[in-house]
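Engineer: First to last, the sequence lines map onto chains A and B.
Convert by adding 288 to the 1-based position in the first sequence; the result is the number in my numbering.
Convert by adding 217 to the 1-based position in the second sequence; the result is the number in my numbering.
A couple of the hints might just be wrong.
Negatives, chain A to chain B, calculated, CB over 10 Å [claimed, not checked]: (1) E310; (2) D350; (3) W364; (4) E410; (5) M411; (6) L416; (7) I423; (8) L427; (9) E463; (10) E478; (11) L481.
In silico SDA-like pairs for lysine to any residue, Cα to Cα no more than 20 Å straight-line [stated by the list, open to error]: (12) B:K237 x A:C432; (13) A:K332 x B:D238; (14) B:K224 x A:A320; (15) B:K578 x A:S449; (16) A:K362 x A:A320; (17) A:K332 x B:L581; (18) B:K224 x A:N390; (19) B:K237 x A:K426; (20) B:K578 x A:V474; (21) A:K426 x B:P227; (22) A:K475 x B:L584; (23) B:K578 x A:P406; (24) B:K224 x A:M326; (25) B:K224 x A:E478; (26) A:K426 x B:A492; (27) A:K336 x B:P232; (28) A:K394 x A:L418; (29) A:K475 x B:E575; (30) B:K237 x A:L305; (31) A:K426 x A:K394; (32) B:K578 x A:Q369; (33) A:K437 x A:L418; (34) B:K237 x A:A424; (35) A:K437 x A:N386; (36) A:K475 x B:Q250; (37) A:K332 x B:K578; (38) B:K224 x A:R396; (39) A:K426 x B:A230; (40) A:K332 x B:Q250.
Hint data in this document are derived by calculation from the structure and do not stem from the laboratory.
All C-beta atoms, glycine included, are put in the ideal place defined by N, C-alpha and C.
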Amino acid sequence: MTNESTNHTTITNAQRLSNCTEDELTAELLRAGMSSLMFAEVVKRYQKQIYYHCRNLLVSHDDADDAVQNAFIKIWQNADQFKGDSLLRTWIYRIATNESINLIRKRRPNIDFDEAQPEMAEMISEDLYLSGDEIALKLQKALCFLPFKQKLVFTLRYFESLTYAEIALLTSTSEGALKASYHHAVKKLEIYLNVLR
Amino acid sequence: MDLENEKIGPAYAAPDTYFKDTEMRLMQRLGIQNDIQALNVAVEPGAEQQKPHIELQTVAPLDTTGVQKRARKQDPITSKSSGINKELDALGNVVIPPLTFTTNENPEWVNFGAISEEVSASPESLNDQIKVVSYGDLLTNVESTDAALPASVETPMEEVAAPAAIPVPEITEVVETALPVIDQEPPVVVHEVPESVGLDELESYLTTKNPLLADTAPVPVAEVTPVNNAPQPEPLNTPRAVEERPISLEAPATAFAPIAGRQKESATPGWLGVAAALAAIVAAYFIWTAIQPPKLDTEEVVLQQEETTQPEAPLDEPVVTDTIPDGLQLVEPLIMEEMPKYKEPNVYTIIDAEEMPERTKRALQDLEDHNLATFDMEDELFEELDFESL
Chain A
289 MTNESTNHTT
299 ITNAQRLSNC
309 TEDELTAELL
319 RAGMSSLMFA
329 EVVKRYQKQI
339 YYHCRNLLVS
349 HDDADDAVQN
359 AFIKIWQNAD
369 QFKGDSLLRT
379 WIYRIATNES
389 INLIRKRRPN
399 IDFDEAQPEM
409 AEMISEDLYL
419 SGDEIALKLQ
429 KALCFLPFKQ
439 KLVFTLRYFE
449 SLTYAEIALL
459 TSTSEGALKA
469 SYHHAVKKLE
479 IYLNVLR
Chain B
218 MDLENEKIGP
228 AYAAPDTYFK
238 DTEMRLMQRL
248 GIQNDIQALN
258 VAVEPGAEQQ
268 KPHIELQTVA
278 PLDTTGVQKR
288 ARKQDPITSK
298 SSGINKELDA
308 LGNVVIPPLT
318 FTTNENPEWV
328 NFGAISEEVS
338 ASPESLNDQI
348 KVVSYGDLLT
358 NVESTDAALP
368 ASVETPMEEV
378 AAPAAIPVPE
388 ITEVVETALP
398 VIDQEPPVVV
408 HEVPESVGLD
418 ELESYLTTKN
428 PLLADTAPVP
438 VAEVTPVNNA
448 PQPEPLNTPR
458 AVEERPISLE
468 APATAFAPIA
478 GRQKESATPG
488 WLGVAAALAA
498 IVAAYFIWTA
508 IQPPKLDTEE
518 VVLQQEETTQ
528 PEAPLDEPVV
538 TDTIPDGLQL
548 VEPLIMEEMP
558 KYKEPNVYTI
568 IDAEEMPERT
578 KRALQDLEDH
588 NLATFDMEDE
598 LFEELDFESL
């Protein structure tokens, strides 16, 4: 009887977590902490987004895979440091961004994030899991000609649809600077896309 | 192309199987796979009445061929072997404290050579004369011969020391008895003396115990037992005419290094050492000059640093900031090869990207492709990210 009631409670919790909105999930995390059930729900909910975000930044599938794994491990280990000052999604994106930056620094210790990495464009058409959309591939190649900071802002805003407020929290930058940066990135990418056509 | 109006989709599309595999790998790395599996089973419809099924991980037998096994010990009685537990086995070990010497003076050294051999008696010289007497035999002999023992006649015929295997820490009891194997008169008195007793102590003991010995000089055994013509063993510990040499703790006059032997003086002349030192100094000088950077380069660097140092502006001056009109793109071409005396980027051009003709765009792209120009947009993004600020 006790087991049955326990099972019933577990099922309810699992279903309730999967049906939670993001705000409710954040509140639940702050209230009950990061349980294995909660972590499984977080992984299911954000894994794809985090992978594509890391893939946009790192281009290489293997690097993106490593960054995602490391990011979720850090989320599991540092869940008690989440204070709820931002959305859970913002916090997760920030950790994933940090892991991507760390991975780039590992690959190229002398990298300058104010400069573009055009050599990464050559890797795109040879890697795994491409959608096959030519314009999308061109956009990815054009992104490699942007400085990393502009690339990050554009990726978060354009592909992940984060608000400027979230990106400002994630990057510790003012919204005005972000808007200007995004605007510059868009204009520059349009130039590149017109040239690459 | 208008990026903001024409939405371009993602260029990557990973299959769902990849995400499932990634999720499984992640759970395995964190060790929470069993929890998740149990929860997944429980979520299935109709599973409310069943207990969550958790698969127990079965450990396959290890193939130990070629693997060195752990040390084992075998019981000699049961012939069973068991693994050695070093911690438990260490409990039975006896730790022997280090041997310490105490002297009255100068504890730094002890001249062992000054100790006479008589004090440290060698076992080889006594083995021939020692007769082993067991403790039980001695007791029975004491009972049987105590009454018949003549009290006045006690002649130290033979002194048998106890074997070394029987530890006797102190002189606890001295048994005076006669050995039954000797039938002739006078009776033989056996003294059991532990090895730790020195000759001086034994002598003083015998003189106090037997006043005859104190009055008379050491008497040979043959004189005491004239009747006995059989060859008698020589008295073992009868007081021998040995010169008493005091133990000297003073250092000998010679060099106190008997093992190493006497140190010979070096035959190398002194001027050779001086020459070697000078050669080492000259070599060090050449090495030092070889590893120094060129002097001219260092001076140039210092001059360049002085030139580039600019006086700081006073703090009360208003800071002039550039305002960039909306919709305009700041482009900073740095034409490096066409400006040989180039020092700082001093060409700033504001270009409206929307009004830029197609030829200009391609020309700018060609410039950048040939490393003739660099287009950059400045911003103040990104400090180091950390967990604490969120």
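Engineer: Next step is simple, just say for each hint if it's right about the structure.
Structural biologist: Structure-based check of all given hints:
1. The claim that E310 of chain A lies off the interface holds: its Cβ sits roughly 15 Å from the closest Cβ of chain B, which is beyond the 10 Å cut-off.
2. A cut-off of 10 Å between C-beta atoms confirms that D350 of chain A is not in contact with chain B; the least separation is 12 Å.
3. In this structure W364 of chain A is not separated from chain B by more than 10 Å, as the shortest Cβ-Cβ distance comes to only about 6 Å.
4. E410 of chain A, annotated as away from the interface, keeps every beta carbon of chain B farther than 10 Å; the closest lies near 14 Å.
5. The claim that M411 of chain A is not at the interface with chain B holds, since no C-beta of that chain comes within 10 Å of its own (minimum 12 Å).
6. Residue placement check: L416 of chain A does not keep its beta carbon more than 10 Å from all beta carbons of chain B (closest about 8 Å).
7. Residue placement check: I423 of chain A does not keep its beta carbon more than 10 Å from all beta carbons of chain B (closest about 5 Å).
8. Residue placement check: L427 of chain A does not keep its beta carbon more than 10 Å from all beta carbons of chain B (closest about 5 Å).
9. Every CB of chain B is more than 10 Å from the CB of E463 of chain A (nearest about 12 Å), matching its label as outside the interface.
10. Distance check for E478 of chain A against chain B: the nearest CB is about 5 Å away, which does not clear 10 Å, and the non-interface claim fails.
11. Taking the minimum C-beta to C-beta distance to chain B, about 5 Å, the non-interface status of L481 of chain A is violated against the 10 Å cut.
12. Straight-line distance between C-alpha atoms of K237 of chain B and C432 of chain A comes to about 29 Å, which puts the hinted pair past the 20 Å bound.
13. Taking the CA atoms of K332 of chain A and D238 of chain B, the gap is near 12 Å; set against the 20 Å cutoff, the hint holds.
14. Simply put, K224 of chain B and A320 of chain A have alpha-carbon atoms about 40 Å apart, too far for the 20 Å limit, and the pair is violated.
15. Only pairs whose Cα atoms come within 20 Å are accepted, and K578 of chain B paired with S449 of chain A is rejected, the gap being roughly 29 Å.
16. Of the pairs offered as hints, the one joining K362 of chain A and A320 of chain A holds, with about 18 Å between alpha carbons and a cut-off of 20 Å not exceeded.
17. Distance hint between K332 of chain A and L581 of chain B is unfulfilled; the C-alpha atoms sit about 45 Å from each other, more than 20 Å.
18. Our distance criterion of 20 Å between C-alpha atoms is broken by K224 of chain B and N390 of chain A, whose separation comes to about 30 Å.
19. Using a Cα cut-off of 20 Å, the hinted pair K237 of chain B and K426 of chain A is violated, with the two alpha carbons roughly 29 Å apart.
20. Between K578 of chain B and V474 of chain A the alpha-carbon distance is near 15 Å, which keeps this suggested pair within the 20 Å criterion.
21. For the hint pairing K426 of chain A with P227 of chain B, the CA-to-CA distance comes to about 11 Å; that is within 20 Å, so the pair holds.
22. As the CA atoms of K475 of chain A and L584 of chain B are separated by approximately 18 Å, the hinted pair is consistent with the 20 Å bound.
23. With a C-alpha separation of about 18 Å, the suggested pairing of K578 of chain B with P406 of chain A holds against the 20 Å cut-off.
24. With a CA separation close to 34 Å, the supplied pair K224 of chain B and M326 of chain A exceeds the 20 Å bound.
25. Proximity of K224 of chain B to E478 of chain A is assessed by CA-CA distance (about 12 Å); at most 20 Å being required, the pair is judged to hold.
26. A distance of roughly 76 Å separates the Cα atoms of K426 of chain A and A492 of chain B; the hinted pair therefore is violated under the 20 Å criterion.
27. The straight-line distance between the Cα atoms of K336 of chain A and P232 of chain B is roughly 10 Å, inside the 20 Å bound, and the hint therefore holds.
28. Simply put, K394 of chain A and L418 of chain A have alpha-carbon atoms about 25 Å apart, too far for the 20 Å limit, and the pair is violated.
29. With a C-alpha separation of about 14 Å, the suggested pair K475 of chain A and E575 of chain B falls inside the 20 Å cut-off, and the hint holds.
30. The suggested pairing of K237 of chain B with L305 of chain A holds, with an alpha-carbon distance near 19 Å, which does not exceed 20 Å.
31. For the suggested pair K426 of chain A and K394 of chain A, the alpha carbons sit about 27 Å apart, so the restraint of at most 20 Å is broken.
32. For the suggested pair K578 of chain B and Q369 of chain A, the alpha carbons sit about 48 Å apart, so the restraint of at most 20 Å is broken.
33. Distance restraint check for K437 of chain A and L418 of chain A: the Cα-Cα separation of roughly 24 Å exceeds the 20 Å cut-off, and the hinted pair is therefore not satisfied.
34. For the proposed pair K237 of chain B and A424 of chain A, the alpha carbon gap of about 25 Å is over 20 Å, so the pair is violated.
35. Only pairs whose Cα atoms come within 20 Å are accepted, and K437 of chain A paired with N386 of chain A is accepted, the gap being roughly 12 Å.
36. Taking the CA atoms of K475 of chain A and Q250 of chain B, the gap is about 47 Å. The hint is violated against a cut of 20 Å.
37. A threshold of 20 Å between alpha carbons decides the hint, and for K332 of chain A with K578 of chain B the separation of about 44 Å lies outside it, so the pair is violated.
38. Taken as a hint, the K224 of chain B and R396 of chain A pair is broken in the structure, with Cα atoms around 32 Å apart against an allowance of 20 Å.
39. A threshold of 20 Å between alpha carbons decides the hint, and for K426 of chain A with A230 of chain B the separation of about 15 Å falls inside it, so the pair holds.
40. For the suggested pair K332 of chain A and Q250 of chain B, the alpha carbons sit about 14 Å apart, so the restraint of at most 20 Å is met.
Consistency with the previously given hints fails for numbers 3, 6, 7, 8, 10, 11, 12, 14, 15, 17, 18, 19, 24, 26, 28, 31, 32, 33, 34, 36, 37 and 38, ordered from lowest to highest.
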